[in-house]
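Enquirer: Sequence:
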Amino acid sequence: MRILIVGGGKAGRFLIKEFLKKGYDVTLIEQDVDKCLMIEEKFGIRVVNGDGSEAKVLEKAGIKDMDVVLAVTEDDQDNLVICQLAERQFQVPRTFATVNTPGNETLFEWLGVNVAVSSTAILSALVDQEVTMKDITTMFKLQKHDLSMVEITIKPGSPVAGKMIKDIDLPDETVLVTILRGNTALVPRGKTKIFENDKILALTHLREEKELRKCLNGDLQDTKD
Numbered sequence: 001m002r003i004l005i006v007g008g009g010k011a012g013r014f015l016i017k018e019f020l021k022k023g024y025d026v027t028l029i030e031q032d033v034d035k036c037l038m039i040e041e042k043f044g045i046r047v048v049n050g051d052g053s054e055a056k057v058l059e060k061a062g063i064k065d066m067d068v069v070l071a072v073t074e075d076d077q078d079n080l081v082i083c084q085l086a087e088r089q090f091q092v093p094r095t096f097a098t099v100n101t102p103g104n105e106t107l108f109e110w111l112g113v114n115v116a117v118s119s120t121a122i123l124s125a126l127v128d129q130e131v132t133m134k135d136i137t138t139m140f141k142l143q144k145h146d147l148s149m150v151e152i153t154i155k156p157g158s159p160v161a162g163k164m165i166k167d168i169d170l171p172d173e174t175v176l177v178t179i180l181r182g183n184t185a186l187v188p189r190g191k192t193k194i195f196e197n198d199k200i201l202a203l204t205h206l207r208e209e210k211e212l213r214k215c216l217n218g219d220l221q222d223t224k225d
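In our numbering, the protein residues as written are 1 to 225.
Honestly, the hints are just simulated from the structure, not real lab data.
Keep in mind that the hints are not guaranteed to be accurate.
Think about it this way: if two alpha-carbon atoms lie no more than 30 Å apart in a straight line, the pair counts; the simulated DSSO-like pairs of lysine-lysine are [as the list claims (entries may be wrong)]:
id : residue 1 : residue 2
1  : K166      : K64
2  : K35       : K193
3  : K10       : K191
4  : K10       : K21
5  : K199      : K56
6  : K191      : K64
Please work from the sequences and hints to get the whole structure.
Expert: So, in structure tokens, the structure goes:
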């Protein structure tokens with residue numbers, strides 16, 4: 001089995017060790033140069049230095065030939081982008097992600113990630129099984145599961161304008177799906193900055209929608225867009 005792991009932290013190193021024991025072919029993507037050198041020396045695997053949420057870096061790592069992609073960075077938003085790119089652009093049959101924020105598992109599943117769990121040990125065991133989850137279906141079905149896709153315009157004077165997504169304290173069970181900036185649709189990553197007049201498409205639990213709107217626009221947002 002050919003496996004691509006994105007993220008060389010504790011979770012990534014644990015998975016590398018487990019998969020090498022099983023004789024799998026493992027490749028790693030990691031942004032930190034020192035970690036890349038350490039992991040390459042320790043485990044003897046191929047390591048690519050770069051941002052795994054970028055398509056060109058995934059291609060460099062040979063994603064087109066992979067059976068499985070695991071996104072285990074410390075940023076849930078980046079993990080989601082990695083899995084979506086793997087499935088939709090590169091047709092990787094199975095994607096897995098660790099979830100750092102409790103409650104995001106369900107959101108990831110509805111956005112197309114095959115399996116999203118908070119435990120790395122469980123993730124390791126699931127790779128050996130034929131595990132699949134439901135794809136995104138209809139908004140009606142999302143509503144049945146207390147999930148809603150919302151659109152929020154960032155108002156002038158917003159407290160998040162100019163901030164990177166990773167520095168914004170979003171509600172626990174919320175994932176940003178798309179940023180509409182003028183005529184351009186952007187894939188939100190942890191380092192993506194939010195600007196005034198951006199339209200944010202987010203998937204969130206119904207009970208979190210009011211908190212999300214307040215998070216993005218403070219007291220400037222009194223009514224829904």
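Enquirer: Hint by hint, say whether it matches the structure.
Expert: Each hint, compared with the structure:
1. K166 - K64: 28 Å, holds
2. K35 - K193: The given pair, whose Cα atoms are some 26 Å apart, holds under the 30 Å limit.
3. K10 - K191: 21 Å, holds
4. K10 - K21: 17 Å, holds
5. K199 - K56: 26 Å, holds
6. K191 - K64: 25 Å, holds
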